[in-house]
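> Take a look at the letters that make up each chain.
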Amino acid sequence: MTDLSPQLLLYIGTAAGLFAIGLYGFIVGPQTLRRILALNIIGAGIFMLMVVLAYRGLADGAADPVLQALILTGLVVAVSATAFALALLARLKQARPGQYRPEQEPGP
Amino acid sequence: MIDLSNWLWPGAGLGLGDEFTRPWWYFSLLLWLLVGGFSLLSQRHDPRAGRYWLFFVLCFAGNMLLIAALDAVSFYLGFSLLSLSAYGLVIHSGTAKARRAGRLYLQLAVLGEILLFCGLLLRASAAGGRFDWHSWQAVPLEPLSLTLLLLGLGLKAGFCPLHWWLPQAHPVAPAPASALLSGVMIKAGLLGMLMFLPATDALMQQWAPVLLVTGLISAFYGVLAGLLYTQPKVILAYSSVSQMGYLLLLFALLSLTGVAALPVLLAYVVHHGMAKSSLFLYAGMAGEAAGRIWRQALFWLAALSMMALPLSSGALVKTGLKTQLAAANLPAWLDIGVLSLLLTAGAVLTALLLLHLAAQLRAANNKQSNHTVKASAANSAGRWALLMALVSALWVLPWFIVQQWQLAWPTLAQHTGLIWPLLLALLLRWLWYKFSRQLPAHWYNRNAPALYYSLKLKRLYQPVSQPQRHWPTITLRPLERRINRALALPVVPFTALVCCVLFGVLLLTW
Amino acid sequence: MMVLLLVLPLVGALLMLLWPKIAPLLTLLTATICSLAALQLLLQVSEQGSQQILLAGWPSGLAISLEANSLSCLLILLTTVLQLLVALYAFATYRRDKLGTGFWPLSSLLQLGLTSLWLSRDLFNLYVCLELLGLVAVALVSLSGDKAIKPALNYLLLSLFGSLCYLLGVAMLYGAYGVLDISALALQWQTNILSTAALLLMTLGLMLKAALWPLHGWLPAAHGAAPAPVSALLSALVVKGPLFILCLLWLQLASAPQAVAIAPLFTGCGLAALLLGGVSALRTPFAKNMVAYSTVAQLGYAMLALGLLLRFNQPLFAAALWLFVLAHALAKAACFLAIGEITATLGGKRLNTLKGASQTMPLAMFAFAVAGGSLIGLPPSGGFLAKWALLQGLWLQGDQLLWLLAIVLATLLSAAYVFRVVVLAFDRADPVAPDFAPRILPQWLALLPALAVWAMALYSEPLLRLLKQEGL
Amino acid sequence: MSPFWQQYLPLAIILSSLLPGLIIFTLKETQVKLRISLNLFGVGVKLLLVLLMWQAVKAGQQFYFSLPFLPGADLVLQGDALSLLFVVLSSVLWLATTIYAIGYLEHSPLRSRFFGYFSLCVSATVGLALAGNLVTFLLFYELLTLATFPLVVHRGTAQSLAAGRKYLAYTLGGGVILMLGVALLHSLVQSPLFTPGGYVTAVVSGNEGLLKLAFALMIAGLGVKAALLPLHGWLPQAMVAPAPVSALLHAVAVVKAGAFGIIRLVYDVFGVESMHALQLAQPLMLLAAATILYGSWRALSQQDIKRRLAYSTISQVSYITLGVAMLGPLAAVGGLVHLVHQGVMKITLFFCAGNFAETLGIHKVRQLNGVGRRMPVTAMAFTLGALGMIGIPPTAGFISKWYLGLGAAEVEQNWLILVFALSGLLNAAYFLPLVYRMWFLPQSMPWPQEQQLSNRFETHWMLLTPAVFTAVLLLLMGLFASTELSPLSWAELIVEREFRHD
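Residue numbers (the UniProt record's numbering), protein chains in the order written: chain A, 1 to 108; chain B, 1 to 510; chain C, 1 to 472; chain D, 1 to 502.
Heads up, a few of these hints could be off.
[Stated by the list, open to error] Anything over 10 angstroms on all C-beta distances counts as not near chain C; from chain B, calculated:
#, residue
1, 220
2, 292
3, 295
4, 445
5, 492
6, 496
7, 498
8, 499
9, 506
10, 510
[To be verified] Capping the alpha-carbon separation at 30 angstroms, the derived lysine-lysine pairs in DSSO-like fashion look like this:
#, chain 1, residue 1, chain 2, residue 2
11, C, 21, C, 147
12, B, 458, D, 364
13, D, 58, B, 456
[Claimed, not checked] Short derived list, chain D residues pointing at chain B, Cβ under 10 angstroms:
#, residue
14, 301
15, 398
16, 429
17, 439
Hints in this document: simulated from the structure, not taken from any laboratory. The structure presented is a predicted model; accordingly, all values stated were derived computationally and were not measured. Glycine is no exception: its CB is placed at the ideal position from the N, C-alpha and C atoms.
Use the sequences and the hints to build the structure in full.
In structure tokens form, the structure reads like this:
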């Protein structure tokens with residue numbers, strides 16, 4: 001395992017912060033839209049982490065291309081997932097206009 | 001001899017091999033045929049004749065089979081056929097009394113069957129899986145199987161401590177059936193004892209004195225109890241108990257004298273069978289004898305023979321009994337003098353009982369003569385003719401046996417010895433009348449406690465309900481509702497939270 | 001062959017989007033071809049040993065690498081065959097059940113996602129497959145119409161959340177080791193807090209996606225709301241994908257101490273899933289929810305087997321694990337198809353709808369009962385084989401009475417919920433009248449996988465041998 | 001007989017009922033003739049094949065058919081003397097029951113389904129009898145449960161559904177426990193063929209605890225079907241099923257399967273030697289004795305005829321277990337022969353009870369008054385069966401009790417004779433009152449639900465003939481016990497082969 005410079009640690013800390021905020025929003029947020037946004041924030045945290053890791057102690061200071069490829073793929077996935085979630089949410093609102101309330105599930 | 005071991009169970013066979021099964025078999029056959037002929041006439045107007053004949057034939061078959069059996073299982077087959085079919089005869093009349101008696105009979109018969117079955121099992125096992133008499137008689141008895149066999153067979157034979165069913169069941173059956181029950185069927189138990197319990201067995205010889213005493217007790221008990229009843233057939237039944245006591249005594253003597261007592265036993269069986277059958281048959285149609293001296297004479301012939309009038313078959317067997325007793329190899333605690341005195345007393349009592357019977361028959365006649373069924377003359381005559389044949393057989397047959405076995409005829413002294421108990425009985429009876437002593441009325445015709453216990457037993461085995469364990473019913477539904485309500489959490493945040501918590505916990509506890 | 005298996009569904013899906021009219025036929029066609037190809041691949045692999053290819057000529061490490069061992073081939077075959085069967089069922093019923101046209105391309109994509117998942121040995125590829133699988137699955141659930149949107153949305157949110165957890169784990173591992181290929185990663189694996197945390201994150205994400213207890217909350221609603229063919233696919237196949245990755249992680253990556261340390265989690269959760277899932281299945285008033293809860297319970301067996309495998313390293317448990325997966329896939333597909341057909345015909349989604357079904361729809365009921373037999377583990381079904389392997393392993397380990405007792409309890413619970421339905425179906429006193437004349441073909445299609453799972457018994461010996469060796 | 005035949009004969013015996021059964025499922029309700037002829041064809045073929053096998057086995061041949069299944073445990077069908085005893089019993093009684101069922105269900109709905117499951121049930125039973133190792137046995141044991149369940153709930157009423165639920169709860173529970181036991185034993189010694197003398201002897205030392213556990217588990221599993229004491233609860237409740245099904249449960253298939261399994265377990269898996277070494281016989285004996293007495297005692301108070309018969313079965317089947325547990329040759333003969341005898345007797349009783357219920361609507365004991373006059377032939381058959389149950393000679397029941405008793409005396413367990421005596425008394429106490437009511441009491445109330453099923457006979461001939469057939473059979477088996485054809489001599493042959501191995 002390579003050593004991480006303090007600067008990188010800062011970025012990593014920020015990424016962790018983003019992740020934590022997203023997590024908090026995901027768990028607490030009463031509305032689905034907020035949850036979708038929270039997921040995006042978590043995603044942003046992770047991507048940020050990956051970006052940071054791409055620059056970890058490589059000799060020539062260049063970024064790790066594999067990770068960047070991964071981030072790109074991840075972003076595509078995240079965007080499409082978000083779009084899909086929003087579409088679903090829209091349909092939900094369409095189907096039950098004004099009936100939105102915290103979900104109730106039957107049984108254990 | 002017919003060997004059936006390849007068809008039925010191993011060792012099965014039928015035949016009349018023994019020198020005493022043959023006369024026994026012929027005597028039984030004769031009695032069955034005579035009484036069967038009698039039944040043909042007496043049951044002619046019986047609405048349930050079909051049932052009567054069914055059970056009659058089954059009993060007949062069972063009885064003949066058990067005598068001819070050459071192995072224990074065949075004997076058991078005949079024995080149970082006889083026992084169970086006799087139930088149909090006992091309750092034939094269908095009255096409440098008959099049903100009650102039948103119940104008692106059946107309870108004890110089944111009990112006897114099972115006891116006998118257990119005894120047989122133990123014996124068969126001891127005999128190494130062979131069932132024929134010879135191999136069984138060669139194996140010494142052990143106390144348990146001896147007890148089981150004695151009880152099982154004794155319940156059929158009906159001597160004193162095992163007699164409960166007898167005074168109930170015999171009187172309620174139709175007259176010919178009672179005649180057979182008392183005449184031949186209870187002898188099946190005795191035959192079984194002869195076969196299963198060889199006289200030469202060491203243990204048997206030890207136990208014989210006890211059996212002898214039991215027989216004496218039974219002989220006295222039967223008479224004394226019979227004196228307290230007024231229905232003729234009940235009296236006759238108790239007389240059978242008493243006579244079976246004598247037979248048991250003779251059976252015990254077999255072990256104490258060697259086989260010399262066997263012909264006497266056989267003669268006694270024949271004598272009692274014929275006499276008791278005649279008396280039962282007579283008791284069944286006593287109403288028709290009112291005022292007809294010849295018909296009454298038949299009764300007296302039979303009764304006197306039972307009272308051991310000199311020259312009668314009774315005299316023959318009673319003297320035989322005494323002779324054997326005198327010759328017996330008794331243990332010290334049994335004094336021969338006391339025993340013969342007791343025998344004499346027994347003879348007096350027997351005579352008294354028969355006189356009592358005669359009196360009750362007359363009384364019954366007077367009461368009943370109005371409403372006896374009017375049978376056709378030919379039917380009636382036929383029945384009386386058969387009775388006559390029976391009585392004559394009673395007077396004749398035992399002599400053949402004596403002849404065949406070359407026994408000593410009773411001497412003149414012995415004859416006279418038999419006269420005076422008879423006279424004494426007459427005297428007593430006369431005195432009784434003279435002073436017209438009556439016992440308190442409630443001493444008479446008491447219900448036997450056995451019936452009470454039989455009913456108790458029935459309630460025990462036919463319970464209406466049994467204690468049921470009721471599990472406490474737990475309804476979990478409210479609890480489930482509560483849990484459901486408690487768990488009705490929003491899925492997404494809850495699952496995410498669980499996820500986070502799990503992660504934290506796992507990481508911390510690593 | 002592997003490429004064909006991947007390309008064909010993809011091309012098929014695209015074509016279906018272009019010409020929706022021929023979509024059903026196209027689906028059938030691709031599924032048939034893929035099934036044959038999968039069979040061919042299985043034979044090939046079993047003859048020549050596992051195969052590896054690198055896509056598009058890139059060098060190892062950069063290229064997408066695919067590896068087919070016999071377990072993967074078996075799973076691919078299972079996927080394609082079930083796909084074909086479900087497509088047939090959907091083909092037979094889609095007009096009646098108003099199945100959206102989206103079903104056909106989506107199901108092809110689902111097949112693509114699963115096939116690539118079984119073949120991938122690269123953490124990030126697996127992530128992509130997972131994501132694809134999750135999105136397609138949610139889309140399929142939402143086909144059912146308005147009532148399914150809510151569960152679908154929940155499913156989507158949690159699925160995305162799980163993927164992100166997994167992704168975070170992947171990122172951490174890549175940051176630490178710089179490789180993504182599992183075998184390469186295993187070579188330089190170190191047991192430290194970072195790798196443990198990454199593993200745990202990935203595990204929890206996967207457990208969430210595989211609906212392993214206690215993260216199963218979304219499953220019953222989603223599977224219950226989906227159309228019958230979709231539920232069949234989801235329950236039979238989709239939840240197995242994350243499970244597969246989970247096994248890869250713990251069996252190939254994790255070091256022995258880590259594996260032993262995690263084992264109690266899996267066994268405990270498996271046990272809880274078996275018992276609580278069983279109780280829920282027994283008590284739920286809705287027919288499809290019952291089957292869905294049964295999935296939760298049955299996944300408990302797999303988890304239990306995985307936990308025991310990690311703890312004792314006994315090959316019998318590996319066999320048990322994959323046998324459970326195979327048997328459950330077939331049986332659950334049959335269950336969902338049968339129940340779906342019955343509820344569609346009798347009109348109603350409560351269990352009470354099934355009253356008298358043995359009379360009105362004997363074939364479907366028979367299919368359910370036969371499949372249920374495998375869920376219970378009655379011999380000679382596939383479920384029995386799996387349970388037998390598990391029991392053998394436990395007895396050979398010795399002193400595992402607690403687990404044995406748990407298995408007995410779980411078996412009885414599964415028997416209870418299966419026969420709850422069967423007994424209802426035999427209620428002749430008050431049968432529910434069908435809304436329309438029952439159709440025969442869909443019922444037979446429901447019966448086929450049920451019979452197949454019993455036929456597994458005939459191939460038990462090769463199966464057991466194979467899975468014992470190749471159980472990762 | 002060619003080797004080809006030899007291999008496939010066991011399979012053919014199973015298929016001879018399985019295939020007609022499967023075809024019957026597909027028939028329509030209206031295809032009565034086709035269904036009946038298929039059914040009877042299956043019965044005929046099966047009897048023929050069984051006859052073939054019987055002759056060959058008597059001549060000392062063995063039959064063996066196997067399919068690969070689990071490692072160390074193939075699916076094996078094997079025809080040896082013991083399996084043939086059960087096969088013959090179930091095929092012959094199947095014949096009677098089929099005819100009876102055709103008559104019984106003449107106008108009821110869902111007959112195709114009924115007869116389909118009926119045939120499946122018999123196939124499973126025969127398969128169980130022919131099973132060559134424990135795993136195969138387990139397989140058919142479970143199949144039997146499944147095939148019987150639809151029959152138990154056939155009426156589809158709330159009561160029968162409750163009975164079905166209970167039946168399933170018990171039998172599936174038993175099945176799981178049996179599976180556990182089989183798996184344990186398999187992990188110790190694999191699952192080789194059943195061999196006279198058992199195959200665990202080699203591993204006894206060192207594995208006592210596990211072997212005892214395996215035995216206990218398997219007995220518990222088998223005991224459910226054999227209705228051993230704490231596991232008997234399903235049997236009395238299952239009597240709500242139609243009479244042919246009760247006959248099947250009590251005489252042909254289910255209960256017998258349990259008892260047969262115990263025989264296999266004791267003699268061909270553990271073997272006498274290991275049973276002695278592990279001291280397993282005594283507890284089994286105690287359990288069986290307790291069941292015998294308890295069943296009889298509970299039967300006393302049952303006012304429903306079939307319920308009373310059900311409790312009687314609980315008691316009677318344990319005779320088989322007891323005979324096996326005594327581990328003596330004579331007792332084994334008794335136990336084996338009782339397997340057959342009990343089947344024939346109990347099926348007679350159930351046929352008769354079914355006749356009463358179907359013809360006159362009689363279900364309760366007190367309604368039996370005077371039935372003897374209305375239905376003399378059925379009542380006669382019932383009486384014979386009852387006498388047999390009590391063990392009165394010359395019925396078949398006597399023979400088996402005789403041998404059991406001899407066996408008890410042989411192994412010096414005299415207390416068992418007391419058990420037999422008590423049970424005999426109790427049997428008499430609950431059967432004789434029925435007989436008494438039938439023959440000796442006048443009819444006290446109008447028949448609850450009289451049907452005119454036949455103009456010539458007292459009831460439909462298809463209901464009457466099987467009852468008479470089995471009643472005559474039980475009499476013949478008792479009377480001609482020593483002939484070559486009797487179950488007794490066959491049981492002796494088996495025991496000779498079982499005990500000769502050393």
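> Against each hint, give a clear statement of whether it holds in the structure.
Tested hints:
1. 220: Non-interface label on residue 220 (chain B) holds, nearest chain C Cβ at 70 angstroms vs cutoff 10 angstroms.
2. 292: holds (75 angstroms)
3. 295: Correct as stated: the minimum Cβ-Cβ distance to chain C is 73 angstroms, above 10 angstroms.
4. 445: The claim stands: residue 445 (chain B) keeps its Cβ more than 10 angstroms from every Cβ of chain C (closest is about 61 angstroms).
5. 492: For residue 492 (chain B), whose nearest Cβ neighbour in chain C is about 5 angstroms away, the distance does not exceed 10 angstroms, so it is violated.
6. 496: violated (6 angstroms)
7. 498: violated (5 angstroms)
8. 499: Violated, since 5 angstroms does not exceed 10 angstroms.
9. 506: Violated, because the least Cβ-Cβ distance between residue 506 (chain B) and chain C comes to about 5 angstroms, which does not exceed 10 angstroms.
10. 510: It is violated; residue 510 (chain B) is separated from chain C by about 6 angstroms at its closest Cβ, not greater than 10 angstroms.
11. C:21 x C:147: holds (26 angstroms)
12. B:458 x D:364: It holds: about 19 angstroms lies between the C-alpha atoms, which stays within 30 angstroms.
13. D:58 x B:456: violated (53 angstroms)
14. 301: holds (4 angstroms)
15. 398: holds (8 angstroms)
16. 429: Residue 429 (chain D) check passes; min Cβ-Cβ to chain B is 4 angstroms, inside 10 angstroms.
17. 439: With a minimum Cβ separation of about 8 angstroms from chain B (threshold 10 angstroms), the hint on residue 439 (chain D) holds.
Consistency with the previously given hints fails for numbers 5, 6, 7, 8, 9, 10, 13, ordered from lowest to highest.
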